[in-house]
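S.K.: Construct the complete structure from the given sequences, taking the supplied hints into account.
Going line by line, the protein sequences match chains F and G. Heads up: the first sequence begins at 97 in our numbering, then just goes up one per residue. Heads up: the second sequence begins at 84 in our numbering, then just goes up one per residue.
Keep in mind that the hints were calculated from the coordinates and are not lab data. Think of the CB as a built atom: it goes at the ideal place given N, C-alpha and C, for glycine as much as any other residue. Hints are all accurate, no fakes.
List of simulated lysine to any residue pairs, SDA-like, C-alpha gap at most 25 Å:
#	chain 1	residue 1	chain 2	residue 2
1	F	K260	F	Q238
2	G	K168	F	P120
3	G	K168	F	S109
4	G	K109	G	S195
5	G	K180	F	G213
Facing chain F, from chain G, some residues (calculated, C-beta under 8 Å):
#	residue
6	N134
7	E138
8	K159
9	I162
10	R163
11	L167
12	Y170
Far from chain F by the CB rule (all over 12 Å, computed), these chain G residues:
#	residue
13	G211
14	Q275
15	R289
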Amino acid sequence: MDLSFNQSGAGSSFFDLVRQAEPPLLPQSGMEGLEPREGMPAVPTGTTVLALRYRDGVLIAGDRQATEGHQVASRRIEKVYAADDHSAIAIAGAAGPCIEMARLFQTELAHYEKIEGTGLSLEGKANKLAQMVRANLPLAIQGLIVVPIFVGYDLKRDEGRIYKYDLAGGRYDEADYYATGSGGKDARSTMKKLYRPAMAEAEAIRLVLEALYDAAEEDTGTGGPDFVRRIFPSVKQVTRAGIQDVPEDRLAAECEAIVNARKGG
Amino acid sequence: MPLPYYVSPEQMMQDKAEYARKGIAKGKSIIALEFQGGILIVAENPSASLNKVSEVYDRIAFAGAGKYSEFERLRKEGIRYADLKGYAYGREDVTAKSLANAYSQVIGNIFSMEIKPLEVEILVLEVGEGAASNEFYRIAFDGSIMDEKVYATIGGQAEELKLFLRDKYRDGLGLEEALHLATRALEAATSQKVKAAILEVAVLERDRAGRKFRRIPQAELRDLMEKEGDGGG
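M.R.: Next up, the structure:
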């Protein structure tokens, strides 16, 4: 007795459902069998995204710039997304596939929760994301890289967690902080010097913005704060209470303070 | 050569309908009704873990009466349909109307083509921007679809509950009042005292951002029922 509206399997995964029922909806379709491109960069270009554990949970942030070669393609692109009530992702790589993966992941988590009646564990979510990154490998070797950082507030353990990924979907638990993207190394250097465990909220936000500022100075692909247009990095707090965007006023004030401090003021 | 028995299609359909009706008549009932804040869904369900009422999409809920395993499969298929459509197009493009029609097709086909019809009756509910745009769809075991207004009932006592509500329902009910009304309706229809522990209650709240569906947990349910003098729990 086939009850399905669309010949699908009987699982709880939206990702598997789409692959089976509507493969054209996924960017990977039609990409099988293509040859890897020569001279492909090892890290995603044109971005810095980072995450940091602090006293109340985790901060996750990203710059706002998208580039096409030497041109600015977008000044206010959003790289940080809430995945559900207590987890978020920031994605480095090719803008289109990144935004699609964010959307797919959000749908995956909600879908599972609705079908099963209960949400996934944080590990389960991290794992599922790893599978999506893995499935993107054919595109990645063509240069359309998608590499996320995944963070969540683990309600059971009562702590923030950070997961990082490589191109092939390998997943790694990261203890304190991480940054990726073309400016990732520069951001990590800053965090390495300034990070301390269990920082208070104000210090943690300041550190995140310092790291992004440094990355923007060294990496042409990463955008710094734009005081003229009032465009600042996206920063989200993920805590026991849920996910809050750090408001623009506060970001502006912190970025101005950073600039002033460097001016020697 | 043995001759096959001839049964007229009409007879077959009647037999199937009777079979399905009997299956549903044995089962418990569900009421969905409008209140000021959206739509309230009250199901007779003593189980704490097996649900009859479920979220489907941002503004859409599902309620099933009859054979659990059958409406449970329908519930999951509805969620898959909604999420695929919302992903392929946009979140606003998923409507209760198209989902209800899809259910009608599937259930109707099974009724006609399969030896055993589904013993289910389901509701697809959508909370609208304003009260006037709430939608209630009731799909019966044979796939027939009814567009109800203001309240809808399914299950073994559906008719009695509907008559009770026709008499007692009025507009502009608050959540507690609507819950109280639904409880009284169930008590009248089943001639039994209704306590929080045997109810599964959920709401589609118009003013919630994003996903409007919310289950009302037992503790809150007992509080709400006590407020109206039910002494629930």
